[in-house]
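In our numbering, the protein residues as written are 1 to 73.
Treat the hints with care, since some could be wrong.
Claimed, not checked - Using C-beta positions, here's what the derived DEER-type ranges look like: (1) I69 - L37: 30 to 38 Å; (2) I28 - G68: 42 to 50 Å; (3) I69 - G41: 22 to 30 Å; (4) A46 - D26: 28 to 36 Å; (5) Q4 - A36: 48 to 56 Å; (6) F8 - L42: 47 to 55 Å; (7) S66 - A38: 25 to 33 Å; (8) F47 - I69: 20 to 28 Å; (9) I33 - F8: 32 to 40 Å; (10) F47 - P6: 57 to 65 Å; (11) I28 - S66: 36 to 44 Å; (12) I33 - E3: 41 to 49 Å; (13) G23 - G68: 49 to 57 Å; (14) H67 - F47: 23 to 31 Å.
Because the hints were derived from the structure by calculation, they are not lab data. Heads up, the beta-carbon is just placed ideally off N, CA and C, and yes, glycines get one too.
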Amino acid sequence: MPEQEPPFRWSEKLLEVHTHLKGRYDAITSVGIPLALAASGLFLIAFVFDTFGVFDAQGRGVYNLSHGIGKKE
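With these hints in hand, go ahead and build the complete structure from the sequences.
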């Protein structure tokens with residue numbers, strides 16, 4: 001008589017696996033990554049957009065560009 005293999009129990013295995021990190025990696029994932037994203041977003045707003053002249057003095061550069069208002073050369 002051939003040996004039967006055990007049934008596939010994926011739902012039980014999923015419940016046994018921990019879905020959160022513990023230790024020092026928690027600080028990296030919950031604090032470091034959001035801080036890095038916020039810092040890069042502020043950098044883009046402050047320097048890159050200003051460098052390419054997207055914003056005018058009133059901060060309406062995107063509105064002006066989309067409506068054709070601005071410098072005519």
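Pairwise beta carbon distance, F47 to P6, judged against the given window 57 to 65 Å
For P6 against F47, whose Cβ atoms are near 60 Å apart, the range 57 to 65 Å holds.
Cβ separation of S66 and A38, checked against the hinted range 25 to 33 Å:
holds, 27 Å
Starting from the range 22 to 30 Å, see whether the pair I69 and G41 falls in it by beta-carbon distance.
Since the Cβ atoms of I69 and G41 sit about 26 Å apart, the hinted range of 22 to 30 Å holds.
Taking the CB of I33 and the CB of E3, does the distance hold inside 41 to 49 Å?
holds, 48 Å
Range hint compliance [Cβ, I69 to L37, 30 to 38 Å]:
holds, 32 Å
Does the hinted range 48 to 56 Å hold for Q4 and A36 at CB?
holds, 52 Å
May I ask you to test the hint 42 to 50 Å on the CB atoms belonging to I28 and G68?
Holds - the Cβ-Cβ distance for I28 and G68, about 46 Å, lies within 42 to 50 Å.
Take the C-beta atom of I28 and the C-beta atom of S66, compute their distance, and say whether it sits inside 36 to 44 Å.
holds, 39 Å
28 to 36 Å was suggested as the range; check whether the CB atoms of A46 and D26 agree with it.
holds, 30 Å
Falls inside 32 to 40 Å, the C-beta gap from I33 to F8?
holds, 35 Å
Quick check on a hinted range of 20 to 28 Å for F47 and I69, using CB atoms only.
holds, 24 Å
Can you let me know if the beta-carbon spacing of G23 and G68 is within 49 to 57 Å?
holds, 56 Å
Checked against the numbered hints above, the structure violates none of them.
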